[in-house]
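Peer 1: The primary structure of each chain is shown beneath.
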Amino acid sequence: LVPAYPPPESEDDESWVWTQIKAEARRDADAEPALASFLYATVLSHPSLPRSLSFHLANKLCSSTLLSTLLYDLFLASLTAHPSLRAAVVADLLAARSRDPACVGFSHCLLNFKGFLAIQAHRVAHVLWAQNRRPLALALQSRVADVFAVDIHPAAVVGKAILLDHATGVVIGETAVVGDNVSILHHVTLGGTGKAVGDRHPKIGDGVLIGAGATILGNVMIGAGAKIGAGSVVLIDVPARSTAVGNPARLLGRRKSDGEKEE
Amino acid sequence: LVPAYPPPESEDDESWVWTQIKAEARRDADAEPALASFLYATVLSHPSLPRSLSFHLANKLCSSTLLSTLLYDLFLASLTAHPSLRAAVVADLLAARSRDPACVGFSHCLLNFKGFLAIQAHRVAHVLWAQNRRPLALALQSRVADVFAVDIHPAAVVGKAILLDHATGVVIGETAVVGDNVSILHHVTLGGTGKAVGDRHPKIGDGVLIGAGATILGNVMIGAGAKIGAGSVVLIDVPARSTAVGNPARLLGRRKSDGEKEE
Amino acid sequence: LVPAYPPPESEDDESWVWTQIKAEARRDADAEPALASFLYATVLSHPSLPRSLSFHLANKLCSSTLLSTLLYDLFLASLTAHPSLRAAVVADLLAARSRDPACVGFSHCLLNFKGFLAIQAHRVAHVLWAQNRRPLALALQSRVADVFAVDIHPAAVVGKAILLDHATGVVIGETAVVGDNVSILHHVTLGGTGKAVGDRHPKIGDGVLIGAGATILGNVMIGAGAKIGAGSVVLIDVPARSTAVGNPARLLGRRKSDGEKEE
Numbered sequence: 035l036v037p038a039y040p041p042p043e044s045e046d047d048e049s050w051v052w053t054q055i056k057a058e059a060r061r062d063a064d065a066e067p068a069l070a071s072f073l074y075a076t077v078l079s080h081p082s083l084p085r086s087l088s089f090h091l092a093n094k095l096c097s098s099t100l101l102s103t104l105l106y107d108l109f110l111a112s113l114t115a116h117p118s119l120r121a122a123v124v125a126d127l128l129a130a131r132s133r134d135p136a137c138v139g140f141s142h143c144l145l146n147f148k149g150f151l152a153i154q155a156h157r158v159a160h161v162l163w164a165q166n167r168r169p170l171a172l173a174l175q176s177r178v179a180d181v182f183a184v185d186i187h188p189a190a191v192v193g194k195a196i197l198l199d200h201a202t203g204v205v206i207g208e209t210a211v212v213g214d215n216v217s218i219l220h221h222v223t224l225g226g227t228g229k230a231v232g233d234r235h236p237k238i239g240d241g242v243l244i245g246a247g248a249t250i251l252g253n254v255m256i257g258a259g260a261k262i263g264a265g266s267v268v269l270i271d272v273p274a275r276s277t278a279v280g281n282p283a284r285l286l287g288r289r290k291s292d293g294e295k296e297e
Numbered sequence: 035l036v037p038a039y040p041p042p043e044s045e046d047d048e049s050w051v052w053t054q055i056k057a058e059a060r061r062d063a064d065a066e067p068a069l070a071s072f073l074y075a076t077v078l079s080h081p082s083l084p085r086s087l088s089f090h091l092a093n094k095l096c097s098s099t100l101l102s103t104l105l106y107d108l109f110l111a112s113l114t115a116h117p118s119l120r121a122a123v124v125a126d127l128l129a130a131r132s133r134d135p136a137c138v139g140f141s142h143c144l145l146n147f148k149g150f151l152a153i154q155a156h157r158v159a160h161v162l163w164a165q166n167r168r169p170l171a172l173a174l175q176s177r178v179a180d181v182f183a184v185d186i187h188p189a190a191v192v193g194k195a196i197l198l199d200h201a202t203g204v205v206i207g208e209t210a211v212v213g214d215n216v217s218i219l220h221h222v223t224l225g226g227t228g229k230a231v232g233d234r235h236p237k238i239g240d241g242v243l244i245g246a247g248a249t250i251l252g253n254v255m256i257g258a259g260a261k262i263g264a265g266s267v268v269l270i271d272v273p274a275r276s277t278a279v280g281n282p283a284r285l286l287g288r289r290k291s292d293g294e295k296e297e
Numbered sequence: 035l036v037p038a039y040p041p042p043e044s045e046d047d048e049s050w051v052w053t054q055i056k057a058e059a060r061r062d063a064d065a066e067p068a069l070a071s072f073l074y075a076t077v078l079s080h081p082s083l084p085r086s087l088s089f090h091l092a093n094k095l096c097s098s099t100l101l102s103t104l105l106y107d108l109f110l111a112s113l114t115a116h117p118s119l120r121a122a123v124v125a126d127l128l129a130a131r132s133r134d135p136a137c138v139g140f141s142h143c144l145l146n147f148k149g150f151l152a153i154q155a156h157r158v159a160h161v162l163w164a165q166n167r168r169p170l171a172l173a174l175q176s177r178v179a180d181v182f183a184v185d186i187h188p189a190a191v192v193g194k195a196i197l198l199d200h201a202t203g204v205v206i207g208e209t210a211v212v213g214d215n216v217s218i219l220h221h222v223t224l225g226g227t228g229k230a231v232g233d234r235h236p237k238i239g240d241g242v243l244i245g246a247g248a249t250i251l252g253n254v255m256i257g258a259g260a261k262i263g264a265g266s267v268v269l270i271d272v273p274a275r276s277t278a279v280g281n282p283a284r285l286l287g288r289r290k291s292d293g294e295k296e297e
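Residue numbers (my numbering), protein chains in the order written: chain A, 35 to 297; chain B, 35 to 297; chain C, 35 to 297.
What the hints contain is simulated information worked out from the structure, not anything from laboratory work.
Among these hints, one or two may not hold up.
A pair counts as met if it fits within one copy or between any two copies, since identical chains are not told apart.
[As the list claims (entries may be wrong)] With a straight-line Cα cutoff of 20 Å, these simulated DMTMM-like cross-link-like pairs (lysine to aspartate or glutamate) come out:
1) Lys-229 to Glu-66
2) Lys-229 to Asp-240
3) Lys-56 to Asp-46
4) Lys-229 to Asp-271
5) Lys-237 to Glu-208
6) Lys-229 to Asp-134
7) Lys-56 to Glu-208
8) Lys-229 to Asp-107
9) Lys-237 to Asp-46
10) Lys-56 to Glu-66
11) Lys-237 to Asp-271
12) Lys-229 to Glu-45
13) Lys-56 to Glu-45
14) Lys-237 to Asp-180
Keep in mind the model is a prediction, meaning the values are calculated, not measured.
In isolation and in its complexed conformation, chain A is listed as follows (with noise of 0.2 Å):
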């Protein structure tokens, strides 16, 4: 029922992206008396995908002393005025449509993965922390951290067309670089090896792949379609297109470039 991907010329993707969604929130809400209020909250009561996602976000995150308003006025002044953000967020959707196979429509990623969630709350909290409002920026990272399990400094910079599956306990640090199309595992960390100060983080090239509760430590490069087996511990750089696996991880040798440009 869903229509082919990518969208006729006369839409561009964030405009038919949102369509899908209202029709799946409609499919569901008929055929579910008890998702159509929670669906007509998130999804049909709003006028754009931004504001659906700030809407749905800011409940998420909010607390008592962290009011849902301010959040959601939040999300979207960022939302709306970075419109590389509200890329990002289509870029995410179809990116967890076309990876996952678990994953059955975009309305589902929207509502329901924490670690897509997780990953635009971040986005919005290195804006801030760029226009250098760093305690909100900070308390953001925190609920994120409360709520999804999943703590990225904001200083992290994080490509687009990510996926970030289950998403439990995964770790970005400061001065972390995650390029685009990049698909992270729960248990993921991009972590620091405790002996360095500055910039002491992984940089993650395009296309990587990095399996379940794989640890990779230290300012170390693992290059563009990489893959990191599940359970690694990487302190290495490892190659473009190449696979890393173990404890300490060992590289496995060297894919042919499947049309991917080099880095």
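Keeping the supplied structure of chain A fixed, place chains B and C upon it in accordance with the hints.
Peer 2: Quick look at chains B and C alone, frame taken from chain A:
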């Protein structure tokens, strides 16, 4: 003070366990006024174990857009319609009491163990999934992932007398099957390798013990009574009553049968 | 702007740290109106560090059946009656500030670090456990496990100047003992092997550093100043000032004493 299990012939397991829970709650409410109102609301005001559990779970999993009354009705309806779900609740309580040295009472498990609560919510989500109420099943999975940091796909098949100890970070994928009498520690993943679609998750036999942080990936079979060491990364079949440890996991040899039937 | 530690002789550590926290909160409330009400409610409206901490912790850990007023009274009563608990709060704040490069202020730690908050709640639960108020201690442990994804048994003995960094997934068992000046990263387990009852959990010496995802199992002794590598699975004693890495962990050799006293 607690009468020995099994209960007298005149009483079934559920009513016996519920009698113990009420006695424990009454004793604790008397000894600790600070808990009296909590124990009254969660246990002592309810006429049955399914109602007490449904109330407690609904309160834990509700949100501003998914009301506790809706969840209470949902849990109670499933527990009422499916006697096997009620039997599994009781079997899980008995498993925690007998296998976890830190479990000091049935009410301790019912009220405080997030692994126990996550499994009960999963069983209801699984019923909804089988009834083709998938959006609601996925919403429930998502709330359990937020609140308990336990992510079990509603399609996963989970047996009875399960101990999910500590529970943070447990991930169980869509096509995983878990037998009866299984103990799973925290941070355990029953995941996919990322290379397959369709039937892509582990099958765990009866009586298996999976240590903290073990990662089992792919459509592999862990035979009955096997033990998987903490921190193992298991990509292979493990025969019944064997022990697998390490990253990647290797087999340590077979234990003698201790009266358990072969698979 | 922050005056150097230690404070002048005229001031004790607690009042000095509290003065810094208030100054930081005032500065942040002035610079960020969106946080002013949060900072007023959690810090600026309180006359002392114990009251501010009790308020913040009670708000984080309360639920619809465990009211924040009850928790506030409980935390404040424990902190008032036990000067060693107040000293440990201050020591933990100083530890985070000096050992965590991402910690930008005492108020940052007090308000935002779930590891810090989980440890303070544990210390109160430990006092309740020692007073034989075990149901309340266990209820508190459970709330900390839900809200912070940190599971510390109330009987566990934890020293002061502890840094629990990122904290998600930390599990510390009933008979574990943790010394002073210990740093524990996220996903660390101080657990049992599942084979023993009674005294079955690790003993961690002063000044130990335990890397992310390390799993230490059984009644083993980790000597003062030892380092445990990320992702290690430790089933053996580790001598003072040694480093253990790998799965299973092996010793890397002994570091020279750097002025720390031997155990």
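Peer 1: Are the hints correct? Go through all of them and say.
Peer 2: Right, here's what the structure says about each hint:
no.	hint	result
1	Lys-229 to Glu-66	neither (54 Å within a copy, 33 Å between copies)
2	Lys-229 to Asp-240	between (27 Å within a copy, 19 Å between copies)
3	Lys-56 to Asp-46	within (16 Å within a copy, 49 Å between copies)
4	Lys-229 to Asp-271	within (17 Å within a copy, 24 Å between copies)
5	Lys-237 to Glu-208	within (11 Å within a copy, 32 Å between copies)
6	Lys-229 to Asp-134	between (36 Å within a copy, 11 Å between copies)
7	Lys-56 to Glu-208	neither (36 Å within a copy, 26 Å between copies)
8	Lys-229 to Asp-107	neither (40 Å within a copy, 41 Å between copies)
9	Lys-237 to Asp-46	neither (31 Å within a copy, 43 Å between copies)
10	Lys-56 to Glu-66	within (15 Å within a copy, 36 Å between copies)
11	Lys-237 to Asp-271	within (9 Å within a copy, 35 Å between copies)
12	Lys-229 to Glu-45	neither (51 Å within a copy, 33 Å between copies)
13	Lys-56 to Glu-45	within (15 Å within a copy, 52 Å between copies)
14	Lys-237 to Asp-180	neither (25 Å within a copy, 28 Å between copies)
Hints 1, 7, 8, 9, 12 and 14 from the list above are not met by this structure, while the remaining hints are.
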